[in-house]
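**Q** First to last, the sequence lines map onto chains A and B. Using my numbering, the letters of the first sequence correspond one by one to residues 327 to 634. Using my numbering, the letters of the second sequence correspond one by one to residues 327 to 634.
Hints are not guaranteed to be accurate.
Which copy? The list can't say, so a pair holds if one copy fits it or any two copies do.
Claimed, not checked - Pairs of lysine to aspartate or glutamate, EDC-like flavour, derived with a Cα cap of 20 Å: (1) K434 with E460; (2) K607 with D414; (3) K440 with E341; (4) K576 with E628; (5) K621 with E579; (6) K349 with D492; (7) K539 with D430; (8) K576 with E627; (9) K539 with D414; (10) K440 with E460; (11) K346 with D578; (12) K539 with E380; (13) K489 with E397; (14) K349 with D498; (15) K633 with E575; (16) K489 with E466; (17) K489 with E551; (18) K489 with D430; (19) K576 with E482; (20) K607 with D453.
Rather than coming from a laboratory, the hints here were simulated on the basis of the structure.
Next come the chains, spelled out residue by residue.
2 protein chains.
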Amino acid sequence: MSLLVVGSVAFDAVETPFGKCEKMLGGSASHFSISASYFTDVRIVGVVGGDYSEAEQSVFDKHGVDTSDLERIPNGKTFRWFGRYDYDLNTAHTLDTQLNVFADFQPKLSQASKSARLVFLGNIQPDLQRGVREQVPNAELVALDTMNLWIDIARESLLQTIKGVDVVIINDAEARQLTEVPNLIKAARTILSWGPKALIVKRGEYGAALFTKDSYFAIPAYPLESVFDPTGAGDTFAGGFMGYLSSQEKLDEAAMRRAMIFGSVMASFNVEEFGTARVEKLTPAEINERFRAFKQMTNFEEIPFQKA
Amino acid sequence: MSLLVVGSVAFDAVETPFGKCEKMLGGSASHFSISASYFTDVRIVGVVGGDYSEAEQSVFDKHGVDTSDLERIPNGKTFRWFGRYDYDLNTAHTLDTQLNVFADFQPKLSQASKSARLVFLGNIQPDLQRGVREQVPNAELVALDTMNLWIDIARESLLQTIKGVDVVIINDAEARQLTEVPNLIKAARTILSWGPKALIVKRGEYGAALFTKDSYFAIPAYPLESVFDPTGAGDTFAGGFMGYLSSQEKLDEAAMRRAMIFGSVMASFNVEEFGTARVEKLTPAEINERFRAFKQMTNFEEIPFQKA
């Protein structure tokens, strides 16, 4: 009953209108696994350099994240991302990216990783994603994330990879760019026609939507009066979504809907502080309380009208 | 148990990427009243010119809309709006506006209009809205719509008017512009602090949200694969919202939530054809079917998680 994530473990430097952090634990696999750890056992496949220290490792250890497949290259440096957000916190401006050890990353899966029940292919080169997907033929559910960069420079490989997964998790701009269809509902139908059973479209402050061949589910975002640092919100969402699913016996539509809520709950906490700071110190009670808040803010009675 | 709307009755000329219509019934009061007529008895206060004919009148008659307070100026011309939408159907480009008889519009309320239980102040000059509001002191609920033009050129008057109403219905860009607060949740709190009991924020393809002092309710838009003509969607929403409320005895939070859904249902029909064409020929069964679809697409089970 375990969950595997393949992705980056990084050091981020982030500037927002509210503050600045020069070096903190980041990367898709970090945000994903810490978020998922509240719901299930999670393992990371990734790579770090000699600058990865006990301080970072202790965060994973504290959350029971299995890092046996996190490769260490003592002579190399960990992936670094430098970003800035202006008052429009929806858009990240990349100031610098230093791939370092990540440039030659070749995911290596141990036997334990290969037998994971659920797998999340974080936002890495689509050939690598496909390579991992082929090593987990018995996984019950495989999901992937991607980004505009891969749509631009590795489109064919990405389409190939999408064909082989069960769930695609992207944002609305990416869905439009990937399909070249401006209407989101049509774009979603197009992506589903390529093979995946489900598509999740993240819409930032507007929430998220889940599309399957014959259903549509849409939820708002948790209403936050201030967003401090949105870095990693998407991976934190995916971690909550996949982590919750991993805790469930049946991966049916009803479970996916609840997983959408837990994903949104985790993402809403993520943006309240720098990096993984807020999600690191959550309690199950806080998570469930915000889950209930989602029910409160979306519920209405189903009473048809009748004109008097 | 009646509903009053004050607003424009107009002739619209609209170009979209899908077609062109040179002259059709439009204006806030038209879209609002036809939409509301499915739920309640509705009356219009407005003004038209000599070019307003039996063809237009028969639309209102067919829907039982009371036009006794629709002033006719035989020597004048009806308000005309010329607009264009590009492939981004979210933004209307105004090509020309001819106010005509609307330029000197002074709303005149008969005794029957003054005793309406619910009142909707369509998007007209805020001084006029306030003048109407003062003539319906016993109305149980008064709502208003406005637009960027009035925020730009009549801000103080608009703020004054907002203080005196129960519900404000605007879009998200207007909420931000009105308050000069970029975060929508904070902007909403600001508007509520001025006096209204409720604020409805329309978010186009992302749905709508209802804010009160101590609650938040958010719904997606109905997922449409094609939008044909968005003209009047906002007023059609308001018509469904106010029309449904008018059919209810208790105007409480639960009724407002259902009214949000009926408003969204009506707006989703509105955009499927030019002008009022689609909404004119609806059946109660179609409306209730789409209402049920909203329940389907927002429902999830409230089961807290517990890590195994």
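**Q** For K349 vs D498, is the C-alpha pair at or below 20 Å within one copy, between two copies, both, or neither?
**A** Result: close neither inside a copy nor across copies, 29 Å intra and 36 Å inter.
**Q** Please work out whether the CA atoms of K539 and D430 approach to 20 Å or closer within one copy, between two copies, in both situations, or in neither?
**A** Classified as neither; 38 Å inside a copy, 54 Å across copies.
**Q** With identical chains, the pair K489 and E551 could be close in the same copy or across copies; at 20 Å between alpha carbons, which is it: within, between, both, or neither?
**A** neither (39 Å within a copy, 23 Å between copies)
**Q** At 20 Å max between alpha carbons, let me know whether K633 reaches E575 within a copy, between copies, both or neither.
**A** Answer is between: at 13 Å across copies they meet the 20 Å cutoff, but 45 Å inside does not.
**Q** At 20 Å max between alpha carbons, let me know whether K434 reaches E460 within a copy, between copies, both or neither.
**A** within (12 Å within a copy, 74 Å between copies)
**Q** How do K489 and D430 come out at 20 Å by Cα distance, when the copy is not named: within, between, both, or neither?
**A** neither (25 Å within a copy, 62 Å between copies)
**Q** Within a copy, between copies, both or neither: which one fits K607 and D414 at a CA-CA cutoff of 20 Å?
**A** Neither: 27 Å inside a chain and 42 Å across chains, both beyond 20 Å.
**Q** From the Cα coordinates, with 20 Å as the cut-off, is the pair K576 and E627 best called within, between, both, or neither?
**A** between (28 Å within a copy, 14 Å between copies)
**Q** At most 20 Å between CA atoms: does that hold for K349 and D492 within a copy, between copies, both, or neither?
**A** neither (35 Å within a copy, 49 Å between copies)
**Q** If the cut is 20 Å between Cα atoms, do K440 and E460 qualify within a copy, between copies, both or neither?
**A** within (10 Å within a copy, 72 Å between copies)
**Q** How would you label the pair K576, E482 (within, between, both, or neither) given a Cα cut-off of 20 Å?
**A** For K576 and E482, the Cα distance exceeds 20 Å both inside one copy (33 Å) and across copies (57 Å).
**Q** Which holds for K539 with E380 at a C-alpha limit of 20 Å: within a copy, between copies, both or neither?
**A** Classified as neither; 46 Å inside a copy, 47 Å across copies.
Checked against the numbered hints listed earlier, the structure breaks hints 2, 3, 6, 7, 9, 11, 12, 13, 14, 17, 18, 19, 20; every other hint is satisfied.
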